[in-house]
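Mind docking chain B on chain A? Use the hints.
One-letter residues, chain by chain:
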Amino acid sequence: MTISASIKRRLKYYDLDLSFTCATNKMMVMIGPSGGGKTTIIRMLAGLEKPDEGQVIFGDEVWFDSERRINITPQKRRLGYVFQDYNLFPHLNLLDNAAFAAVEKKEVDDLFELLKISHLKKRRPHMVSGGERQRCAICQALARHPRLLLLDEPFSALDVVTRRGLREELKSLKGRLSCPIIYVTHDIHEALFLADEILPVVDGKIDRGWMQRTITREPGEAVQAKGAREPRLSLVY
Amino acid sequence: MDYLALYVTLKLAFVTTVFLMVIAAPIAYLLAYYHFPGKSLLEALVYLPMALPPTVIGFYLIIVMSPKGFVGQVWGSLTGGSLLFTFLGITIASIIYSIPFAVQPMKAAFSKIDRRLLENAHILGLSKRAAFLRVIIPNSVAGIAAAAVLVFLHSIGAFGVLLMVGGSIPGETKVASIAIYEAVETMNYSAAGMLALSFIPISYAFLLLINKLNRDSLS
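From first to last, the protein sequence lines are chains A and B.
Counting in the numbering used here, the first sequence runs from 1 upward without gaps.
Counting in the numbering used here, the second sequence runs from 1001 upward without gaps.
Next up, chain A with everything else stripped away, as it sits in the complex (with noise of 0.2 angstroms):
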């Protein structure tokens, strides 16, 4: 299955308008500066907002379509879609959490010992760290076997180190999933890292130039520079 948007959405500072395509097993990454609308563009995937203009098709599911008046709701896209905090429900333990929407309960043991939380299942979310929440999100995605993963920054709010191990679980885990996944940040190293193709968004456009631009830090205009200070400093590591 692959998904393909193309969405048009008038935007305080900026107007978004861009299409891309992302294929089944393939790991789009979306970088850009923080503010240039990548959340936007994942909460219009999700259902979660609506664009103006546009057109979102999952492969021969029409998601959206402006045109034709058609708006799945996000119940219905069957999707993955694990935030930089705040998947988990704070009234259930760890295993309730993942099994919350899961297709079969058995599985989700299964996908706690791949990621390394199976000692934590009784546990609730705000008596586990930061980075065992982000990997109980991943399962509770995981679990709801979705048709496409949407992951925005899910890592940004933990340490260099465990974002650094998490990272590569991810690509590890990657093998077995069979959907399109699209990721989302704005660290550089990460999106190399990651990504089978990368999507660099700057104010709502594609701009093809901006990762090169970044690491080479060539004299730029405000919005380069607001960009590149974070990511350069992720390099070191």
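Just so you know, the hints here were simulated from the structure itself, not pulled from any lab data.
By construction, the Cβ of each residue, glycine as well, lies at the ideal position given by its N, Cα and C atoms.
Just so you know, nobody snuck in bad clues.
Simulated coverage check for chain B against chain A, where a stretch passes if three residues somewhere in it have a Cβ under 8 angstroms from a Cβ of chain A:
| id | stretch |
| --- | --- |
| 1 | 1110-1124 |
| 2 | 1130-1139 |
List time: in silico PhoX-like cross-link candidates among lysine-lysine, alpha-carbon distance up to 25 angstroms:
| id | chain 1 | residue 1 | chain 2 | residue 2 |
| --- | --- | --- | --- | --- |
| 3 | A | LYS50 | B | LYS1128 |
| 4 | A | LYS171 | A | LYS116 |
| 5 | B | LYS1128 | A | LYS76 |
| 6 | A | LYS26 | A | LYS76 |
| 7 | A | LYS205 | A | LYS8 |
| 8 | A | LYS76 | A | LYS106 |
| 9 | A | LYS121 | A | LYS105 |
| 10 | B | LYS1112 | B | LYS1039 |
| 11 | A | LYS105 | B | LYS1128 |
Leaving out everything else, chain B in the frame of chain A:
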């Protein structure tokens, strides 16, 4: 001591609390999560009983619940009886009188839940109703409990509105607050004193419970 009046008071407070929790939850949900034209008008209407003198509420309830009033007529044609001067009548009065105290804390508890949790519930396939039952309610337990305690306390303290709608029929509508008033009227200070004294530990214990619930919901 007038145990019967105390019993009617506690029964009324209990029934009011149970019904109000069910009635107030959808109203609080609507006010917490939806924007629609006239929302502030609706919200003010829900909170109006808090701002009106109980006798004013009682007066209008008499008007609608009397055999000639709209509700009284419907009730009369269905059952042949009257709503005024019955336990059911004062229960309805008590529910309307306490509705703001149920809706307000519930709305606050619902609003506090992070939107992203609800979005995640939708992404995981839950309908709005399922998300309400499986995510919002379990994460608002402290707020709902606080609402229940407030309603219970407010109901045992009701006086004017109940007196107007229910009068003072022993075992039916004569609640403890009315019994105290009547005892004082007839100069029976010892009977009034015993009943009055019995309120203090009940109310005090419930207030301590509210404090604990508020502390728990903050942590």
